[in-house]
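Since the structure of chain A is already known, use the hints to place chain B on it.
Chain by chain, the residues:
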Amino acid sequence: MLVYTAKRLLTLIPTLLAASILVFLFIHLIPGDPAAILLGDSATPEEIAALSAEMGFDQPLPVQYALWLGNVLQGDFGTSVFFGEPVLTVIGRGAETSILLATMTMVWIVVFGIPIGVLSASYQGRWVDQVTSGGAMLFASVPTFWLGLYLILIFSVWLGWFPSSGFPSLADEGGVTNLRYLLLPSLTLAAPNAALIVRLVRASMLDVAREDHVRTARAKGLHPATVAVRHIFRNALIAVAAAFGFTFAALVSEAVVTETVFSLPGIGRLVVQSILRRDYPVIQGVILVIVVLYTLINLAVDLAYARLDPRVSLK
Amino acid sequence: MKLAAYIRSTFGGRKLATIGLIWLCLVALAAIFAPLLAPFDPYEIDPVARLSEPGLPYLFGTDHFGRDTFSRAIYGARMTVVIGAGSVIVALLTGGLIGMLSAYFPRLGAVLMRGIDVLMAFPALLLALVLITLLERSVVNTVLVIGIVYATTTARILFGMTLKLKGEVFVDAAICSGAGHGSILFRHILPNLISPLLVQASFIFAFAQLQAAALDFLGLGLPAEVASWGNMLSEERIYVTRAPWLLIYPGVLIILSVFSMNLVGDAMRDAIDPRFKDDIAGV
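Here the protein sequences come in this chain order: A and B.
Numbering-wise (our numbering), the first sequence opens with residue 1 and increments by one.
Numbering-wise (our numbering), the second sequence opens with residue 1 and increments by one.
Isolated chain B (complex conformation):
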């Protein structure tokens, strides 16, 4: 019931953000039930039906291999969820832990946060490109690379917030009652960081989609055979004059999902504890 109350207080009266949340739920459902929803095999090649126009039986038409664009779009939702959720987990776990530990243990922090500074001297996509050059193209590596890029900003934000919380009276009280470092960090400080972390997660999810699509487009992201919205754009772009619709569907799906995630993030940020308002990124 707490979740329902949270959703009501965050999204109540915000029509656009509510629509965004509903859209994201639909994407998640499409990802889970892709094999049931897709009318065709997204990888089945049909040379006779290549580049057919949208209609029946191919709702969104077919690509230059004759694969059904609609089925590929549905399977692409899986990659959207995997990339988004994966990057968020990597970024929050590594970045969050580095930020919290650095703020709590100042000596350790002096070292770790300098390391973060160095990584932040590389613009985001460039850092991703450097890392991807060292690794093979795979789903896991794409997630890792994007996650690491956003771990840097997450570490900085959590560093500031943990520092603020560390000075609060309830932390002193916990110390006085004999709580250990682990207990203070994870049972007293962390619960206060949950809502800003959620906001951060929503923005990382949105940015990760754009970064992943950009990497796919450059031919340095997911393996070419994986059905993702970024790969669909990347593979079909040379056919844009003959079949302009091929780029419309995946493009609009990416835009809708990123836009929705940004709206949801905005709504969550506005509902957040005012103490942290200045710290949250994602203008």
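Isolated chain A, as found in the complex:
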């Protein structure tokens, strides 16, 4: 297992390097002098010339890439044009909100997605199944921001139950109760993803239910509930765990939209604002961080998959 993990980590390096080249080239694909782009509109010609020399923009591209990668590996992602602070500091500020939002969303996905999926599979073809599968597909078809806007309208504006926007840190006044700011956003973000998990749990439970060991379990007279939980559900969960990487990617994408709807100070909204502000160093930094995170999560999912399902051999 350890050897396999090490091997897999090594194979990640070429992918990550290639991805980093793409992220690096991003600055150079934007028309204009990269130093002027990195410094923003307010920079003087002297500043531009100084940064050009510092970053080696007069050097050939491969040399520049090596310099840039060296900086990145030391945690230096450059300086934000808008904030005038190191990119990593700017990203770090959004981390609390985004991590808490993602965690709450995952809780909803598990709490709603899995039981409803099990229910749907257990009543295959009956009305319970038709309502839950149809409902799941409907929720997967709803634009996240539209759902978010109406949740704000109903629960914040009309009923006044929840705050409509923003998120003060847990360290601020209010402490843990500040999580109420994230309730509507996390539900919004969870809806389409929980819907996908419902469909996935249902499909993989129906798959497993056709297998021989399930028939044997039934034939030896086990209670249907025992068969469903111990023989079908446990095996079906493997496929659900394997989809976690996919769910993470979907969460990242939709968090960009959700954080914008609810004006949350997270990393997703930072990306959008940085694009609108032409704050390219921040865009570059956030994308690099997310790509590395996503790649590592996919690796973790693969490893967990091999652990959960002994039939998957580690080669």
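Check before you lean on any hint, since a few could be wrong.
Negatives, chain A to chain B, calculated, CB over 12 Å [stated by the list, open to error]:
id : residue
1  : ALA6
2  : ASN71
3  : VAL229
4  : ALA300
5  : PRO310
Taking lysine-lysine pairs in the DSBU-like style, the calculated list, with each CA pair at most 35 Å apart, reads [unchecked claim]:
id : chain 1 : residue 1 : chain 2 : residue 2
6  : B       : LYS2      : B       : LYS15
7  : B       : LYS2      : B       : LYS164
8  : B       : LYS15     : B       : LYS164
9  : A       : LYS7      : B       : LYS166
10 : B       : LYS2      : B       : LYS166
11 : B       : LYS164    : A       : LYS7
What the hints contain is simulated information worked out from the structure, not anything from laboratory work.
All C-beta atoms, glycine included, are put in the ideal place defined by N, C-alpha and C.
Below, chain B alone, put in the same frame as chain A:
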């Protein structure tokens, strides 16, 4: 007649999917005949009638410029079809070709599929955002960006399916009878991929709508003046407390269309050759 038989076998006994198909046909008709169906010019500004409630003569009310929401919704169907069909074409042409060629020519595939792996290291909307930052806001660019994002998954799926077909006896037979690479790929393998490609197309069409609407909402999609359902939501969202109906119509239209496309895709997937069932995406 083959088409009629295909539709009957796929949609027979599936009421919801049939309704979805009918709805999509209506959207397509609205897109084609928009100038005939729309009672008003979707771009005409009438400051006196701004934010009027649904009724007569404005069936769906008017937006904050006083433009007729009903007419804009009908013209929005055009963008839905353009974005959906355009993304499907870009994704299937580039992704499909990369996947098929990669599976057929393993050496080329080793390079191309690594490239696809790298692109897939970027979550979908993020990849779209990176690409859109480099381009101007326009209809063509939005289609290109969404198409490229889904080209990656399409390439992976077609790679697997072509690999399976390559091992089939009929391919060996074609090689023995002296068929060239082009003929084997496009006359022997491709026809077997048509129905999974259709399923893939239907899911891409559905996802593309959601992605395009999200980009519109973020102000990074279609140019603001284009009448699309996503732009209608994006532009009118600050008026939601005063005129909640403004967001209901375009929202429901998007949901209905995506839902219908998903239902149609599901029906088509269930009717598909069982060999490919595991390969098709879109849970």
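A quick look at each hint next to the structure:
1. ALA6: holds, 20 Å
2. ASN71: About 20 Å separates ASN71 of chain A from the closest Cβ of chain B, which puts it past 12 Å; holds.
3. VAL229: At about 22 Å from chain B, VAL229 of chain A clears the 12 Å cut-off, so the statement holds.
4. ALA300: Nearest chain B Cβ is 14 Å from ALA300 of chain A, so the label holds.
5. PRO310: holds, 20 Å
6. B:LYS2 <-> B:LYS15: Within the cut-off at roughly 21 Å; holds.
7. B:LYS2 <-> B:LYS164: holds, 26 Å
8. B:LYS15 <-> B:LYS164: Roughly 34 Å separates the two Cα atoms, so the pair holds.
9. A:LYS7 <-> B:LYS166: Cα-Cα ~30 Å, so holds.
10. B:LYS2 <-> B:LYS166: holds, 27 Å
11. B:LYS164 <-> A:LYS7: holds, 28 Å
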